[in-house]
Amino acid sequence: MPAPRSTAPHDPAGRSAARADSGPGAPSRDRYDAVIVGGGHNGLVAAAYLARAGRSVLVLERLGAIGGAAVSTRPFAGVDARLSRYSYLVSLLPDTIVRDLGLDFAVRKRTVSSYTPAVRDGRPTGLLVAGEGTRESFAALTGSGREYAAWQRFYAMTGRVAARVFPTLTEPLPTRSALRERIGDADAWRTLFEEPLGVAVEETFTDDLVRGVVLTDALIGTFADAHDTSLLQNRCFLYHVIGGGTGDWDVPVGGMGALTHALADAARAAGAEIRVHHEATRIETDGTTAEVTVRTSDAEHTVAARRVLVNASPQALAALLGDPPPPAAEGAQLKVNMLLTRLPRLRDRTVDPRRAFAGTFHISEGYGQLADAYREAAAGRLPAAPPSEIYCHSLTDPSILGPELAARGYQTLTLFGLHTPARLFAADNDAARAALLTATLAQLDAHLEEPITDCLALDERGEPCIEAKSPLDLERDLRLPGGHIFHRDLAFPYAEEGTGRWGVETAHPAVLLCGAGAVRGGGVSGVPGHNAAMAVLEG
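Numbers -12 to 526, taken from the working numbering, label the letters of the sequence shown in order.
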């Protein structure tokens, strides 16, 4: 197995992130209505809304490019392919934000929801969820129509919940009882909000593979068992099935950096000032206003603000304020990016690889396999059969490939591995990452007629076009605490003690949290940025 290279998070070419206003040098003024710490997509959403409302806005970004985890990069030397390097699909971004800000940004629907390879009676087969033909695929895999009927009922229920819950994400936080009343379905409330998701999965479905496909949405970036009494898996599942009111996960046209580009353009057009290579190091506040200390490569200065919005983790917020840190966060995923000269051939000859990889391609994600992987990781061992899922962005949006690569049939692959908590990489990150990658690709190869490494493209140096990121790599590159892609454990989207009216408030009235760690944060949504801006405009 060729060793993946670790490369820097900034791509100076193409649309890796939106254009920056300025590098080192003092901001244009010493006082603003709002200073936003962090130029990720949520910070840019807040900047655009506030600037459009006539507020003076400064965005501070410590890196040389903005975008945070929502970027497109060319990670392979001399290869004209822009990959969504970290975050890679869009579901939770409300259309209202796109319309309000006039964003030049679009998504495309995937033609296939998912494909899950399997072996039944010694024969390669699989489950294809792709609209027409899905019923037949269920019947061929399970031998009857029962599982498909159960699937239809279950996702009709989540669809009704999505239609009622998703619109609330950009409203003031409802109370728990108000959200329950809005959903208006006692069985759905119990299934999603009160008892471990594993109960409903086991009561509703009998096939192990089908159960596993359902459960995967509860485990993306979340380390939990199906029966975890904390309901962490339920919270993750909820956010994965409510997006857009449908639960669809769509492909960003032009890569995830296209969203960042559009947001920065909207913020600038409204008058916001964006500064890269400007790192906020301290926030001081008297409860009414605040002051931010900013460090550049050659100076340190302060800027005052009526409000400071922090588009960073709760840990970073506490450090900036000098407050006690919140509980530690821990990511639990492996992210792998690949460029292929061709899609690999499948052992299951009943499905075209272009369909199998167009949606989510599940690997080692049977219900029992997920439970085994969780137990092994919880015991401190890398899973022997690491579960993961893959999708091919370029099948839906070939614009991320240069014309020559597209003409030659090249394709991108993104792999997201589950149940690999940061603790497993603490002793030797490089060795653990390499071992996990080898094991993960071996699980994929078990369903292919050729090793995936035979399909890898080569960069200008002759190196295979593959890179892998462990939670510790994400912590290093993006300052995600413990590599946690949501900044912290997700919360149910209703008010609890201390959450505030919008879920972005802190103990300091002049300081708001507008990153993924806000209530209703996580994913590429812009919701925390929108809600922080609304809180400021109400104040």
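Calculated from the structure, these hints are not laboratory results.
Yeah, the Cβ is synthetic: ideal placement off N, Cα and C, and Gly gets one too.
Treat the hints with care, as some may be off.
Ranges between beta-carbon positions, derived for each pair [what the hints assert, rightly or not]:
{"#": "1", "residue 1": "Thr289", "residue 2": "Thr162", "range": "18 to 26 angstroms"}
{"#": "2", "residue 1": "Thr162", "residue 2": "Arg269", "range": "42 to 50 angstroms"}
{"#": "3", "residue 1": "Ala143", "residue 2": "Thr440", "range": "36 to 44 angstroms"}
{"#": "4", "residue 1": "Thr337", "residue 2": "Glu190", "range": "14 to 22 angstroms"}
{"#": "5", "residue 1": "Ala143", "residue 2": "Ser217", "range": "25 to 33 angstroms"}
{"#": "6", "residue 1": "Ala305", "residue 2": "Ser217", "range": "30 to 38 angstroms"}
{"#": "7", "residue 1": "Gly232", "residue 2": "Ala305", "range": "41 to 49 angstroms"}
* Given the hint of 30 to 38 angstroms, check if Ala305 and Ser217 actually sit that far apart at their C-beta atoms. => violated, 22 angstroms
* Asked: Taking the CB of Ala143 and the CB of Ser217, does the distance hold inside 25 to 33 angstroms?
  -> holds, 27 angstroms
* Asked: So the hint says 14 to 22 angstroms: do the beta-carbon atoms of Thr337 and Glu190 match that?
  -> Check failed, 30 angstroms falls outside 14 to 22 angstroms.
* Is it true that the C-beta distance of Gly232 to Ala305 lies inside 41 to 49 angstroms, as the hint says? -> About 34 angstroms separates the Cβ atoms of Gly232 and Ala305, which means 41 to 49 angstroms is violated.
* Could you say whether the range 42 to 50 angstroms given as a hint is met by the Cβ separation of Thr162 and Arg269? => Since the Cβ atoms of Thr162 and Arg269 sit about 36 angstroms apart, the hinted range of 42 to 50 angstroms is violated.
* Check the following: the C-beta atoms of Ala143 and Thr440 are separated by a distance inside 36 to 44 angstroms. => holds, 41 angstroms
* **Status of the given 18 to 26 angstroms range, CB of Thr162 versus CB of Thr289** => This hint is violated: roughly 40 angstroms between Cβ atoms.
Hint compliance for this structure: hints 1, 2, 4, 6, 7 are not met, and every other hint is.
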